[in-house]
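Protein chains in written order, with the working numbering: chain A, 21 to 360; chain B, 21 to 360.
FYI, nobody ran anything at the bench for these hints, they're computed from the structure. Keep in mind that the hints are not guaranteed to be accurate.
A pair holds if it fits inside one copy or across any two, identical chains being indistinguishable in the list.
[Unchecked claim] In silico DSSO-like cross-links for lysine-lysine, where the CA-CA straight-line distance does not exceed 30 Å:
| id | residue 1 | residue 2 |
| --- | --- | --- |
| 1 | Lys320 | Lys337 |
| 2 | Lys242 | Lys186 |
| 3 | Lys230 | Lys357 |
| 4 | Lys46 | Lys186 |
| 5 | Lys330 | Lys119 |
| 6 | Lys169 | Lys119 |
| 7 | Lys119 | Lys270 |
| 8 | Lys357 | Lys324 |
There are 2 protein chains.
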Amino acid sequence: MKISSVLGLCVLGSTLLLAGNSLVEKAKSNGLTPIPDSKLALLKIIDDPKDPITNAKVELGKKLYFDPRISKSGIISCNTCHNLGLGGVDGVSAAIGNKWTPNPHHLNSPTVYNSVFFTAQFWDGRSPNLADQAQGPTLASPEMAASPKHIEDVVTSMPSYIKEFKLAYGDNVKVDFKRITSTIAIFEKTLVTPSRYDDFLNGDSSALNKAEKEGLSTFINKGCVSCHTGIALGGTMQPFELAGKYKFAKVGDFRGDKKGMVKTPTLRNITETAPYFHNGEVWSLKDAIKMMGSIQLGIKINDKDAMKIKTFFKALKGRKPNISYPQLPESTSTTPKPVD
Amino acid sequence: MKISSVLGLCVLGSTLLLAGNSLVEKAKSNGLTPIPDSKLALLKIIDDPKDPITNAKVELGKKLYFDPRISKSGIISCNTCHNLGLGGVDGVSAAIGNKWTPNPHHLNSPTVYNSVFFTAQFWDGRSPNLADQAQGPTLASPEMAASPKHIEDVVTSMPSYIKEFKLAYGDNVKVDFKRITSTIAIFEKTLVTPSRYDDFLNGDSSALNKAEKEGLSTFINKGCVSCHTGIALGGTMQPFELAGKYKFAKVGDFRGDKKGMVKTPTLRNITETAPYFHNGEVWSLKDAIKMMGSIQLGIKINDKDAMKIKTFFKALKGRKPNISYPQLPESTSTTPKPVD
Numbered sequence: 021m022k023i024s025s026v027l028g029l030c031v032l033g034s035t036l037l038l039a040g041n042s043l044v045e046k047a048k049s050n051g052l053t054p055i056p057d058s059k060l061a062l063l064k065i066i067d068d069p070k071d072p073i074t075n076a077k078v079e080l081g082k083k084l085y086f087d088p089r090i091s092k093s094g095i096i097s098c099n100t101c102h103n104l105g106l107g108g109v110d111g112v113s114a115a116i117g118n119k120w121t122p123n124p125h126h127l128n129s130p131t132v133y134n135s136v137f138f139t140a141q142f143w144d145g146r147s148p149n150l151a152d153q154a155q156g157p158t159l160a161s162p163e164m165a166a167s168p169k170h171i172e173d174v175v176t177s178m179p180s181y182i183k184e185f186k187l188a189y190g191d192n193v194k195v196d197f198k199r200i201t202s203t204i205a206i207f208e209k210t211l212v213t214p215s216r217y218d219d220f221l222n223g224d225s226s227a228l229n230k231a232e233k234e235g236l237s238t239f240i241n242k243g244c245v246s247c248h249t250g251i252a253l254g255g256t257m258q259p260f261e262l263a264g265k266y267k268f269a270k271v272g273d274f275r276g277d278k279k280g281m282v283k284t285p286t287l288r289n290i291t292e293t294a295p296y297f298h299n300g301e302v303w304s305l306k307d308a309i310k311m312m313g314s315i316q317l318g319i320k321i322n323d324k325d326a327m328k329i330k331t332f333f334k335a336l337k338g339r340k341p342n343i344s345y346p347q348l349p350e351s352t353s354t355t356p357k358p359v360d
Numbered sequence: 021m022k023i024s025s026v027l028g029l030c031v032l033g034s035t036l037l038l039a040g041n042s043l044v045e046k047a048k049s050n051g052l053t054p055i056p057d058s059k060l061a062l063l064k065i066i067d068d069p070k071d072p073i074t075n076a077k078v079e080l081g082k083k084l085y086f087d088p089r090i091s092k093s094g095i096i097s098c099n100t101c102h103n104l105g106l107g108g109v110d111g112v113s114a115a116i117g118n119k120w121t122p123n124p125h126h127l128n129s130p131t132v133y134n135s136v137f138f139t140a141q142f143w144d145g146r147s148p149n150l151a152d153q154a155q156g157p158t159l160a161s162p163e164m165a166a167s168p169k170h171i172e173d174v175v176t177s178m179p180s181y182i183k184e185f186k187l188a189y190g191d192n193v194k195v196d197f198k199r200i201t202s203t204i205a206i207f208e209k210t211l212v213t214p215s216r217y218d219d220f221l222n223g224d225s226s227a228l229n230k231a232e233k234e235g236l237s238t239f240i241n242k243g244c245v246s247c248h249t250g251i252a253l254g255g256t257m258q259p260f261e262l263a264g265k266y267k268f269a270k271v272g273d274f275r276g277d278k279k280g281m282v283k284t285p286t287l288r289n290i291t292e293t294a295p296y297f298h299n300g301e302v303w304s305l306k307d308a309i310k311m312m313g314s315i316q317l318g319i320k321i322n323d324k325d326a327m328k329i330k331t332f333f334k335a336l337k338g339r340k341p342n343i344s345y346p347q348l349p350e351s352t353s354t355t356p357k358p359v360d
């Protein structure tokens with residue numbers, strides 16, 4: 021009895037291990053890659069030797085990210101639409117910006133978390149990286165509505181900002197629009213959220229439970245990985261409405277880039293980032309999964325399989341970096357006044 | 021030589037000590053009281069035995085304070101107008117709320133820091149405490165524009181909020197509008213910022229430098245303490261335009277409470293909370309000091325004295341509590357959708 025029990029457990033254990041291992045192999049052979057569990061390996065992916073990530077830059081970038089004074093009105097910060105307490109989004113269909121202007125194309129704010137892994141930024145992929153991306157919303161009139169001069173004047177009006185730029189980049193730093201936005205991007209690069217899914221792919225076979233493993237397997241088998249792949253499970257440009265019509269295609273005028281390609285959103289923290297799709301018209305994750313089946317894959321994903329995939333998605337909720345809310349430098353008499 | 025030098029230093033030291041001590045006595049006899057340096061003594065002032073401050077309530081209240089989903093639009097939180105990174109204010113003349121509506125009376129957002137010490141809340145003092153006050157902006161249509169039901173529905177739609185309320189108040193807690201807003205108020209009670217001024221009044225005579233001591237003395241001598249008194253250096257109802265006309269009196273329709281009384285703003289962190297006065301029309305602290313002389317005290321405060329007082333005000337910049345930016349609970353399928 022005892023011996024057979026022990027043997028039984030051993031067999032069960034090795035089967036599970038095998039199942040776990042083969043699922044990991046299956047995931048990796050389908051292009052899924054984890055956030056590395058070593059900081060050094062992660063840095064190899066996200067860091068740029070020409071402008072390396074340092075604590076001084078990250079702390080300064082965080083302040084600028086949370087500083088509403090760089091907007092024309094003085095009340096909109098990067099965090100307004102990419103709220104770090106809400107999965108990196110604003111939770112509304114279309115972003116609302118300066119003077120309560122909805123995004124003119126009815127576009128939904130994508131999450132900033134893990135955006136460092138995207139090969140393209142913005143829904144139409146027009147921007148190659150975060151430093152370039154960060155310039156857009158600061159200037160767009162329906163967003164922060166500022167000018168490069170306004171942003172430079174705000175930041176350089178405060179001696180303690182200047183001091184922090186010198187600390188981060190040396191005494192000869194030119195505190196201009198490009199440097200300010202690239203510093204915001206360096207903070208954004210650190211907004212990486214490893215999850216139980218990563219732990220699983222990194223070798224901890226117990227990190228996902230049975231239902232989550234089944235969900236991952238279904239996710240791969242159904243072909244979702246053809247777009248939601250790589251380290252971000254998304255973040256690359258893909259054709260949209262490949263196999264069927266999007267129910268809300270008429271909401272907003274966005275039709276992708278010149279070739280009709282649309283940036284695939286990341287699935288990391290997807291349970292926190294409703295509403296879904298480029299125009300934020302779908303609030304239910306289960307509905308979104310089923311719609312993607314018909315629109316992109318040309319298959320019917322039934323309720324049961326959609327729930328399995330959704331169960332897996334819950335394991336993509338990542339561990340957020342602990343962010344100490346910054347005390348911003350005091351405005352001075354030369355700080356430009358907000359314009360409402 | 022040596023002996024006389026030592027004697028000289030001793031005499032100088034005791035003179036300074038005496039000067040320091042007598043200034044402390046002068047300040048205290050004029051009604052100025054420090055934030056106590058013992059936590060227990062502070063709790064005696066801010067805590068309510070009927071609803072005591074606990075870590076669980078503070079953490080929950082912090083989440084609610086930063087949660088924009090309790091507003092009708094889903095994008096305005098308490099922190100939008102009372103930004104904890106900007107001295108507890110929004111830095112604009114009149115608050116801007118739901119649908120970019122400016123405050124209809126053109127009222128400036130007062131700081132939340134140290135507001136626990138005020139004897140009255142709102143510019144017209146209509147609210148006796150923070151728990152009562154917190155209900156106002158959540159419902160006001162030009163602010164968060166929500167209804168009690170919306171707020172209750174949002175909060176109770178998320179199991180982890182319910183769990184935290186039970187943890188804070190026990191399993192039988194009723195998670196209603198009143199409890200939600202009073203929990204926000206408990207977090208706000210902890211937003212107390214001791215400064216070098218408090219250290220000085222608490223016995224550290226070196227906490228203020230010579231110019232700051234001179235500024236404090238001028239501040240008292242000019243009579244500013246007649247309104248800016250107590251632990252908050254403000255926060256009580258006082259008559260306005262006692263001795264002269266306010267230059268911007270015609271901006272907005274606010275004329276105080278029924279008796280024409282206006283809540284005196286706190287001077288704590290005043291260098292961070294421009295623009296000044298109830299309608300936020302004055303951006304220069306020096307101008308504000310001089311104007312108060314003529315409007316309230318019927319005296320001319322010259323540039324030199326105004327600068328002395330301003331120098332003292334810098335020492336009122338307090339040490340802010342370290343706030344870890346909260347990760348908010350996930351919305352669920354029953355969470356009310358934002359309305360833009």
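Which of the stated hints cannot be reconciled with the structure, identified by number in ascending sequence?
2, 3, 4, 5
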